[in-house]
Each structure stands twice: as structure tokens, then as C-alpha cells.
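Residue numbering for the sequence shown follows our numbering, starting at 8 and increasing by one per position.
Possibly wrong hints are sitting among the right ones.
As the list claims (entries may be wrong) - Below are the PhoX-like pairs computed for lysine-lysine, each with C-alpha atoms no more than 25 Å apart in a straight line:
(1) K47 with K106
(2) K134 with K42
(3) K106 with K94
(4) K47 with K134
(5) K42 with K106
Simulated from the structure, these hints should not be mistaken for lab results.
Just so you know, these numbers come straight off a predicted model, no measurement behind them.
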Amino acid sequence: MPDLKLHKHPLPKNLNKTTRGVGNRGENEACKFLKRQGYKIIARNFHNRTGEIDIVALDHNVLVFVEVKTRFSYTYGLPEESVTPQKINSIVRTGQYFKLLNPQTPDLMRVDVVAIDYVENTTRLLKNVSQ
8 MPDLKLHKHP
18 LPKNLNKTTR
28 GVGNRGENEA
38 CKFLKRQGYK
48 IIARNFHNRT
58 GEIDIVALDH
68 NVLVFVEVKT
78 RFSYTYGLPE
88 ESVTPQKINS
98 IVRTGQYFKL
108 LNPQTPDLMR
118 VDVVAIDYVE
128 NTTRLLKNVS
138 Q
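Could you put the whole structure together from the sequences, leaning on the hints where they help?
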């Protein structure tokens with residue numbers, strides 16, 4: 008696939024510094040993990056008024072929108088348990104906007120979740136959570 012030129016958006020400046028730090032750490036780990044799984048990272052922190060996508064990647068001929076959830080404790084449950092149907096719908100809508108701005112990307116799309124679990128020191132990949 009040729010190199011892609013992508014429309015990018017910066018992170019909002021009003022995000023909580025602690026949240027941003029944890030999010031960035033988790034996203035960095037997720038990117039490394041996804042690359043080891045054969046994904047090609049093409050964008051990070053893409054957002055518009057309907058939502059945000061942590062990572063946009065290619066998995067062969069599929070455009071993948073990745074939600075990253077990081078947990079240092081189980082006070083609020085497992086990382087992947089916090090991805091609600093509403094969040095998935097938001098990612099899908101934002102992904103459709105990403106695709107509109109980047110028509111050269113593959114037509115096949117899906118939503119994956121990367122769960123970074125520092126309690127058990129594991130990373131889990133849940134593919135195609137939107138089905």
C-alpha cells in the first residue's frame with residue numbers, strides 16, 4: 008500500500024494532565040503491541056465533534072479504529088469492560104468521518120480494543136468489537 012497522507016487533529020488542550028499521561032503511556036504501549044501483531048499505525052488521537060479515536064491502523068487490507076484502555080487497578084473493572092456500546096458507536100461515527108477525509112484508505116473497517124492491564128502486566132487485543 009502506498010504511503011498515506013492523512014488529515015490529523017491535535018489533542019484538545021483542556022485534557023487533565025494525569026489522564027493524558029496515563030492515556031499516552033497506554034497508547035504508546037498499544038502502538039508497540041499492535042506493530043508486533045503486524046498492524047501499521049497511520050494516525051493517533053484523531054478526533055472531531057462526535058468523538059476521538061486513540062489509534063488508526065491498517066491490519067492488512069482493513070482500516071482499524073483502536074480504543075486503548077489502561078488500568079493500574081481494578082477499582083473500575085477490567086480495562087475492556089469500560090468500552091460501552093455508546094463509546095463504540097462514537098468510534099464508528101468518528102471513523103466514518105476519518106474515512107471521508109482519507110478516501111485512499113481501505114473500505115473495510117472495524118473497531119478493536121487494546122486493553123493494557125498493569126495489574127497482571129498483560130495486553131489483550133479484542134478484535135471487531137462493533138459486531
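The hints, checked one at a time:
1. K47 with K106: Between K47 and K106 the Cα gap is close to 16 Å, so the pair holds against 25 Å.
2. K134 with K42: Holds, at roughly 15 Å.
3. K106 with K94: Holds, because 18 Å separates the two Cα atoms, which is no more than 25 Å.
4. K47 with K134: At roughly 15 Å apart (the allowed maximum being 25 Å), K134 and K47 satisfy the hint.
5. K42 with K106: holds (21 Å)
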